[in-house]
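**Student:** This is what each chain is made of:
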Amino acid sequence: MAEVLVYVDHVDGAVRKPTLELLTLARRIGDPVAVALGNGAADTAATLAEHGAVKVLTHDASEYAEYLVAPKVDALQAAHEAVSPAAVLVPSSAEGKEIAARLALRIGSGIITDAVDLEAGDEGPVATQSVFAASYTTKSRVTKGTPVITVKPNSAAVEAAPAAGAVEALSVTFSEKATGTRITGRTPRESTGRPELTEAAIVVSGGRGVNGAENFSIIEALADELGAAVGASRAAVDAGWYPHTNQVGQTGKSVSPQLYIASGISGAIQHRAGMQTSKTIVAINKDPEAPIFELVDYGVVGDLFDVVPQLTEEIKTRKG
Amino acid sequence: MSLRIVVTVKYVPDATGDRHFADDLTVDRDDVDGLLSELDEYAVEQALQISENSDDDVEITVLTVGPEDAKDALRKALSMGADKAIHVEDDDLHGTDAIGTSLVLAKAIEKAGYDLVISGMASTDGTMGVVPALLAERLGVPQVTLLSEVSVEDGVVKGRRDGDTASEQLEASLPAVVSVTDQSGEARYPSFKGIMAAKKKPVESWDLSDLDIDEDEVGLEGAYTTVDAATERPARTAGTIVKDEGEGGKQLAEFLASQKFI
Chain A
2 MAEVLVYVDH VDGAVRKPTL ELLTLARRIG DPVAVALGNG AADTAATLAE
52 HGAVKVLTHD ASEYAEYLVA PKVDALQAAH EAVSPAAVLV PSSAEGKEIA
102 ARLALRIGSG IITDAVDLEA GDEGPVATQS VFAASYTTKS RVTKGTPVIT
152 VKPNSAAVEA APAAGAVEAL SVTFSEKATG TRITGRTPRE STGRPELTEA
202 AIVVSGGRGV NGAENFSIIE ALADELGAAV GASRAAVDAG WYPHTNQVGQ
252 TGKSVSPQLY IASGISGAIQ HRAGMQTSKT IVAINKDPEA PIFELVDYGV
302 VGDLFDVVPQ LTEEIKTRKG
Chain B
336 MSLRIVVTVK YVPDATGDRH FADDLTVDRD DVDGLLSELD EYAVEQALQI
386 SENSDDDVEI TVLTVGPEDA KDALRKALSM GADKAIHVED DDLHGTDAIG
436 TSLVLAKAIE KAGYDLVISG MASTDGTMGV VPALLAERLG VPQVTLLSEV
486 SVEDGVVKGR RDGDTASEQL EASLPAVVSV TDQSGEARYP SFKGIMAAKK
536 KPVESWDLSD LDIDEDEVGL EGAYTTVDAA TERPARTAGT IVKDEGEGGK
586 QLAEFLASQK FI
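Chains A and B are the protein sequences, given in the same order. Residue numbers are given in the working numbering: position 199 of the first sequence equals residue 200, and the series is strictly consecutive. Residue numbers are given in the working numbering: position 75 of the second sequence equals residue 410, and the series is strictly consecutive.
It should be emphasised that the hints constitute simulated quantities derived from the structure, not laboratory data. Every residue gets a Cβ at the ideal spot worked out from N, C-alpha and C, and that includes glycine. There could be a bad hint or two in this list.
Unchecked claim - Now the stretches of chain A that chain B is said to cover, found in silico as 3 or more residues with beta-carbon under 8 Å:
1) 23-35
2) 69-77
Unchecked claim - Once the Cα atoms are required to be at most 27 Å apart in a straight line, the calculated DSS-like pairs of lysine-lysine come out as:
3) Lys-595(B) - Lys-18(A)
4) Lys-419(B) - Lys-446(B)
5) Lys-534(B) - Lys-419(B)
6) Lys-595(B) - Lys-317(A)
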């Protein structure tokens, strides 16, 4: 069976969930061979094996932490040469897309980004994408070279599928390009203890109607009761009420959770682009004409300062 | 010292319009009004700020690849304050994908001459966000992308990249390719004076032969990817909407319980 390269997104050896989803998709096309780079690379092997990796290629060097993107492209290119895979799959993070694009160019391949589904096809893997603010669904293929495809979080279920996961050292020679952009400082994000926005099963978002940074505490209280991530509309972020890393929409994160709760968000195209593919959508808004109500499975026309705390209390009561 | 900045911009269908596909499954650019991609305004703005904060002699060239109407995007950038513009236009470009677009841009950037390329973080139509990385790869220069803050001093570009897990400080020697996010600073509105001045600024037109690119390297034929199908997403079925009469939160909880979320 053909092998499929899967680029591993991990933090010091802890594999992030989208990579495990990629392994599920990779198994539809061939045998997943994972590529893990940098500090803790070898520590990823057990988790990857549990989810279907037949092999885990690892390499650690200080260059991965000291220089932007390019060293990882060199490594993935080396893995591509070593394995001759049927496809290369990369998580659709900002960095993942950049690595994938540069790799595609180097190996003379096409690239598809932000796939939301992937299946085997007679002429190579077929990627499903959601485009134009999720108003269209497309099916695309790479027609030249080894298909390089980046896949969005929450595009597949994480499945246990034990495989060998044999660790092999990947031999990498860094190119001149590798050391072009120095990373001179790094400030890790403070953990909120909440799930990662793009990976969360439930997202609770606040918008203009929240009307102030201090009021986001009621959004957070609901999120915590549901074990959800917190999102914000561009209006709320631009007003300085919530960090940009939590922005949902065209210029922020694109999310596709099981449940999306929009509070005080009108539903401008900018926002819809980032949440329209959510499975169940719920909205609370004072304005009955707000476009967000065109998308909802359940909507409450009312003041979020009444409805959201009551909802939070009711969930608490029901959980007993 | 002089500093030559090339800002890449894209003319896109208005995202608030009813965007759709043409019969050949390329983006329909005829039925929806086009404009300078909003995310590219931030790139023009940062180029202008670098120029204003520099003692060097800075020249800002805006570059686009696109049909005749794409000149509108160049005019907008010129009216914001860019010095001159280059429009790459050729019938054979129709259907070009990201790999092909990066080829055309890279050749045009090299022909124009540059010390610094500045791009937006992504286009608002294709939204791939890969062209800046592809340009760095093609030009063989450092990639300093997705910056929320950028500055240039003594031939070195520095910036802050806010990622999912960390915020990073980046640094590279020029020449380099930079992309900036919508957090880099509000883009200015063109002044009346700027709009008038833009009418007199030079706009050069180049075609594929000017860039030594063969027609089979670009367009639908030259594309590395193909779209087999595009279907309109079915409208979501109308949901239940209730007015809060004092029990709205409880009703919502009931709905969530019925869907097994709580």
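**Student:** Which hint numbers does the structure go against, in order from smallest to largest?
**Tutor:** 1
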